[in-house]
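Trainee: Take the sequences, apply the hints, and build the full model.
Start counting the sequence shown at 1; every next residue gets the next number (this note's numbering).
I should point out that these hints are in silico values taken from the structure, not numbers from a laboratory.
Quick reminder that beta carbons are idealized off the backbone N, C-alpha and C, glycines included.
A couple of the hints might just be wrong.
Unchecked claim - Estimated spans, in silico, between C-beta atoms of each pair:
| id | residue 1 | residue 2 | range |
| --- | --- | --- | --- |
| 1 | Ser87 | Gly145 | 31 to 39 Å |
| 2 | Ala45 | Thr125 | 21 to 29 Å |
| 3 | Ser144 | Glu81 | 29 to 37 Å |
| 4 | Glu17 | Gly132 | 26 to 34 Å |
| 5 | Pro47 | Val112 | 30 to 38 Å |
| 6 | Arg65 | Thr125 | 16 to 24 Å |
| 7 | Gly145 | Asp39 | 31 to 39 Å |
| 8 | Gln48 | Asp146 | 36 to 44 Å |
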Amino acid sequence: MDEDERWPVRLARALEESGWSTVDVEIIARTGWTTAELDRGIDAADPQGPFDLVTILIGVNDQFRGRSADAYGEELAAMIERAQGFSTGPVLMVSIPDWGTTPYGEGYSPKVIARDIDEYNAVGTEVSAAAGIPFVDITPISRSGDPDLVSYDDLHPSGSQYAAWVEEILPVAIDLLEG
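Mentor: Listed below in structure tokens is the structure:
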């Protein structure tokens, strides 16, 4: 996927189109990472900021690799605290998309995946609330069944799905930035 198609870049562009000054994007996470791998990635990147907004979307690979939702919650709480420490602005959490609805996911157990994703997102909601940050639920978009929302690899979200996510995330981001 082209860099311009990724949801953080689309969010930055949407913020600029909404009147915010130039928005620089620093993406630390990589496709396939777990929460623990993102933590190590942050160590390596050593983000210095200042950052006006930090977004977190992590956990799908924790679920895929069979890690417990409780372990995910503990690592997520530490991740949010860490992000709040290096951000001069607000932090927001984005829910985990449901990969069980993709052609790739159909080769597994979509109902089990959906149940697990719901459990992880419930943990994410609780941890986000405890940290005082908003939780934006994009999971229903990933469950729409629209083949145009899945990338050419039959697993990851397409640029169209990312655009739909940004429609959900943008008003929350603007509220936080104006707050």
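Trainee: Flag every earlier hint the structure violates by its number, smallest first.
Mentor: none
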